[in-house]
Amino acid sequence: MTAPAAPRSWTGIVRDRAVRSFPPEQLLPDKQPIYVASWIYVFGVLTLAAFLVVLASGGVLAIEGPQWWHTSTAGHFFNSLHLWSVELFMAFMVIHLWGKFWMAAWRGRRAMTWITGSLCFVGSIGTAFTGYLVQTNFDSQWISTQAKDGLNSVGVGAVFNVTNFGQMLMWHIVLLPLVVGLVIVVHILQVRRRGVVPPIDVDPVDLIPEQGQ
Amino acid sequence: MSILATALAAPVNLNHPGHYVHWGVIQISLANLVVIGLMIVIFLAAILLPFPRGGGRK
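First to last, the protein sequences are chains A and B.
When you line the first sequence up against this note's numbering, it's residues 30 to 242, in that order.
When you line the second sequence up against this note's numbering, it's residues 113 to 170, in that order.
Derived from the structure by calculation, the hints contain no laboratory data.
Quick reminder that beta carbons are idealized off the backbone N, C-alpha and C, glycines included.
Watch out, some of these pointers could steer you wrong.
[As the list claims (entries may be wrong)] For the chain A half of the interface with chain B, some residues (derived, Cβ under 10 Å), not all of them:
no.: 1; residue: A66
no.: 2; residue: V71
no.: 3; residue: V74
no.: 4; residue: L77
no.: 5; residue: W98
no.: 6; residue: I124
no.: 7; residue: W127
no.: 8; residue: G128
Sequences and hints are given; from them, build the entire structure.
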C-alpha cells in the first residue's frame with residue numbers, strides 16, 4: 030500500500046525543474062574538459078570580473094554624488110576606476126564575442142546562450158551611452174544634444190529624452206544595470222546548463238557527457 | 113604629493129584635441145584605432161600563447 034501522491038504546488042514544480050535543469054555538479058562544476066585550458070576561454074570570466082568592479086565603483090559614485098567625483102582626489106580616483114573598468118568590460122566582452130563567433134558557440138543547443146550574450150552586449154552599449162549623459166560636464170551636454178537629434182528622428186525622443194538628466198540617471202543606475210545584470214545571470218546559467226562550447230574539431234573522448242554535448 | 117602626482121600623470125600629454133585618421137569615408141580617432149589594434153593583438157595572443165597546464169586536469 031502506498032501513500033497517496035501529494036498535491037503538486039508551484040514551489041515543488043519549480044524545485045523539481047530547477048534540480049533537473051541544474052544538477053549541483055553541473056551548476057558548480059569542479060572540472061572542465063581539456064580544451065578549456067586555453068586563454069581564449071578566459072575572457073568570459075574577465076568580463077564578469079570587470080562588471081563587478083563597474084557595479085562597485087558606480088555604487089560609490091552614487092553614494093557620494095557629482096560634486097564629490099568632480100572635485101575631490103578620492104572622487105577623481107573612483108570616477109577613473111568606473112571609466113576604466115567599463116573600458117575593460119567592453120574590451121573583454123568584445124574579445125569574448127570574437128572568440129565565440131569564430132568557434133560557432135551556438136552549436137549543441139546553445140542558442141539561448143548566444144542570444145543572452147548578444148542581449149548583454151546591446152544592453153551594455155545602452156548603459157554606457159546613458160553613462161556618457163550623466164557625467165555632469167560639458168562632454169555630457171554635447172553628447173546629449175547630438176543624441177537627441179538622432180533619437181527624435183526615429184520618433185522616440187518624447188519617451189526617451191536624452192536631455193532629461195534625471196531620466197537618464199535612472200536609466201543608467203537602475204533600469205539598465207538591472208536588465209544587464211539579470212541577462213548576465215541567465216547567460217551564466219545557460220553556460221552551466223549546456224557546458225562550455227567545444228572546439229569544432231574536438232575529439233569526442235574529451236567531452237563531458239553530463240553537459241549534454 | 114607633487115612628485116607622486118607627476119609620477120602618476122599620464123605618460124602622454126592628452127591636453128589637446130584628438131588626432132584623427134581619415135581613410136575614404138572612414139574617420140576614426142587615433143586613440144580608438146590603437147584600442148582596437150590592442151584588442152586584436154590580445155585576441156591573437158590568447159589563441160596562440162600556450163596555457164599553463166595544472167596537474168590533475170581532465
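Now for the hints, and whether the structure bears them out:
1. A66: Interface hint status for A/A66: holds (5 Å vs cutoff 10 Å).
2. V71: 7 Å, holds
3. V74: 13 Å, violated
4. L77: It is violated, given that the least Cβ distance between A/L77 and chain B is near 16 Å, above 10 Å.
5. W98: Nearest chain B Cβ about 18 Å off; hint violated.
6. I124: Because about 5 Å separates A/I124 from the closest Cβ in chain B, which is inside the 10 Å limit, the hint holds.
7. W127: 5 Å, holds
8. G128: Given a least distance of 7 Å, the restraint on A/G128 holds.
Checked against the numbered hints above, the structure violates hints 3, 4 and 5; every other hint is satisfied.
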